[in-house]
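A.B. asks: This is what each chain is made of:
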Amino acid sequence: MAEDKIVSDGSPALSVQLGPLRLKNPVLAASGTFGYGREYADLTDLSRLGAVVVKGISLLPRPGNPPPRLVETSAGLINAIGLENVGVEAFLKDKLPYLRGRRVPVIVNIFGNMVEEYAELASRLDGAAGVVALEINISCPNVKKGGMVFGTDPVMAAGVVRAVRSSTSLPLITKLTPNVTRIADIAKAAVDAGSDMLSCINTVAAMAVDIFSRRPKLANIVGGLSGPAVKPIALRCTYEVLQAVSCPVIGIGGITGATDALEFLLLGARAVQVGTANFVNPGVTAEIIDGIERFLRVQGLESIEAYIGSLDTRCVFPFAEEACAALDLG
Amino acid sequence: MRKFKEEARILDQENVALQTWRLRLLAPRIAAEARAGQFIMLQVREGQDPLLRRPLSFHRILPEEGVIEILYRVVGRGTWWLSRCEPGTRLSLLGPLGNGFRLPEKQASSIVVVAGGIGIAPLFELMTQLVAKNACSTPQGIHLFYGARSAAEFLPPQAFHDLEISIHWSTDDGSLGYHGFVTRLVDQIVLGQKLCPEMLYACGPLPMQYNLAKWVLAHGAPSQLSLESLMACGLGACLGCALPAPHPGGSDEDHYVHVCKDGPIFPAGSILWQKIRLYQTAPPLFLYS
Chain A
-6 MAEDKIVSDG
4 SPALSVQLGP
14 LRLKNPVLAA
24 SGTFGYGREY
34 ADLTDLSRLG
44 AVVVKGISLL
54 PRPGNPPPRL
64 VETSAGLINA
74 IGLENVGVEA
84 FLKDKLPYLR
94 GRRVPVIVNI
104 FGNMVEEYAE
114 LASRLDGAAG
124 VVALEINISC
134 PNVKKGGMVF
144 GTDPVMAAGV
154 VRAVRSSTSL
164 PLITKLTPNV
174 TRIADIAKAA
184 VDAGSDMLSC
194 INTVAAMAVD
204 IFSRRPKLAN
214 IVGGLSGPAV
224 KPIALRCTYE
234 VLQAVSCPVI
244 GIGGITGATD
254 ALEFLLLGAR
264 AVQVGTANFV
274 NPGVTAEIID
284 GIERFLRVQG
294 LESIEAYIGS
304 LDTRCVFPFA
314 EEACAALDLG
Chain B
1303 MRKFKEEARI
1313 LDQENVALQT
1323 WRLRLLAPRI
1333 AAEARAGQFI
1343 MLQVREGQDP
1353 LLRRPLSFHR
1363 ILPEEGVIEI
1373 LYRVVGRGTW
1383 WLSRCEPGTR
1393 LSLLGPLGNG
1403 FRLPEKQASS
1413 IVVVAGGIGI
1423 APLFELMTQL
1433 VAKNACSTPQ
1443 GIHLFYGARS
1453 AAEFLPPQAF
1463 HDLEISIHWS
1473 TDDGSLGYHG
1483 FVTRLVDQIV
1493 LGQKLCPEML
1503 YACGPLPMQY
1513 NLAKWVLAHG
1523 APSQLSLESL
1533 MACGLGACLG
1543 CALPAPHPGG
1553 SDEDHYVHVC
1563 KDGPIFPAGS
1573 ILWQKIRLYQ
1583 TAPPLFLYS
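Keeping their order, the protein sequence lines are chains A and B. Quick note on numbering: the first sequence equals residues -6 to 323 in this note's numbering. Quick note on numbering: the second sequence equals residues 1303 to 1591 in this note's numbering.
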């Protein structure tokens, strides 16, 4: 892919290939943190994004969970929104045309209570102009049926992916939950069932309580933790998934700046999704794209491809003797 | 309406009542666009802890000077950090956000404004505009019912001197004005003086809003209640600031509106009050004093 290496002005090439999908850069907005794009249009240039992953869509509109739905924790945010969304019909009619007009590739996060609903959603979205891929949400911790239930069992996860695979020709991303004993098992099952890519992680199951009122801080009692607090967990999960599968992996979890994004890319993730940070800094995705480009320039790298997966794990640290010998201190 | 991300500079900050601070910020772009009742999302400090911005309403909007004033109460870590900020500090703002108050379409003879504690914050700018634009036939026709737990929480009375409006004070502990909840005082005076408010504006704790909403719905007065919620984005993306509302299709199914985008100003009838839960209890005073 020599043509991707150097753009005419000499800036490093940021475009990435994710299986069947080519994106102009590896920075995506994560589902549930970017609405349907329009919410951010005043504050950031949508067309700069590699892609937008829209809020999880179900067949019918869902009202979501009763409030309180949010708790701020140390460097983190626990949410229990409950997949409130407008439903696939309203999405296609009212939301998608706007994003299409802004020339940003759209990845639709899909969610259902039953396997058949996922399949139905996939066939409804198949061929919708502007949609470049589907992200199968089998990892939401905040709904009673479906969601994480599918994502914690390899056989059920494979069942959902297979049903979606047979209903659409769109590239498929399966979004994994960290709330499992061995994430690699779920990853392998999803890929074997036909998922082109994986994204990880969804939120970490979490809880907060109030010592004065002696009640949980969320009406749903438990929720999902996101934000900087989960980044080390996300890196470990991404690492384990990358060891288990050979398909492209999208890293998600606690990314607030270019250095965080580069950590996931270093592991071998071919793209990243930025979530909670959008709430704090609506322009963060553009800043990350610029930051990655600056980093590659300083490092003398021609393209992001040259950096992706370059983590040296042969041994954790070099022995002092070898390192000093290499320095040739005389 | 446009919204901006603006780096504001603190001009000064003053402790004006018990645990209550008035922050003057130089933020010309936001000041030029802001309307009474709208809010900003303010980042109290750089870094990741506290992680989220804080929603704060406009206490004063001074577009000619490029200045906005924020009145806030220290209730947690975020507002505590904010209260430590020195003049000259730069703070990142997003705004103006939300719908804002509507002024009455034709001149009214009587307008009721109900403030509970720090709820005075957005109502002060509103009342300033009501007076300046002769929204009421006389300034005295604007009745401010100002309640607090104790007298120490009130803004000083001089703050209201130039407005020349009618003010009715109440405290829960009886330390100033009427002894009891402000909603009782509203009931007594409005019914006693046979006021027929053409609009009721209110901001305050949820129990106060709940009682006012019931009162308003029973008496058929139009209302604009400024409601609050925990919020992550303020932009309508996170969907965290949900309040139960009647289903638009008229069915019994659950339905929610969002304080940041559909509000923060709501007519009493647009909220499903019987499903409201009082979950936001402030921590005891000793934590942040």
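Calculated from the structure, these hints are not laboratory results. From a predicted model like this one, the values you see are computed outputs, not experimental measurements. Don't take every hint at face value.
Unchecked claim - BS3-like cross-link-like pairs, simulated, lysine-lysine; straight-line CA separation at most 25 Å:
#: 1; chain 1: B; residue 1: K1577; chain 2: B; residue 2: K1516
#: 2; chain 1: A; residue 1: K210; chain 2: B; residue 2: K1563
#: 3; chain 1: B; residue 1: K1408; chain 2: B; residue 2: K1496
#: 4; chain 1: B; residue 1: K1496; chain 2: A; residue 2: K210
#: 5; chain 1: B; residue 1: K1408; chain 2: B; residue 2: K1435
#: 6; chain 1: B; residue 1: K1563; chain 2: A; residue 2: K86
#: 7; chain 1: B; residue 1: K1516; chain 2: B; residue 2: K1496
#: 8; chain 1: B; residue 1: K1577; chain 2: B; residue 2: K1563
#: 9; chain 1: B; residue 1: K1563; chain 2: B; residue 2: K1496
A.B. asks: If any of the earlier hints don't hold here, list their numbers in rising order.
C.D. replies: The structure conflicts with hints 4, 9, although it agrees with all the remaining ones.
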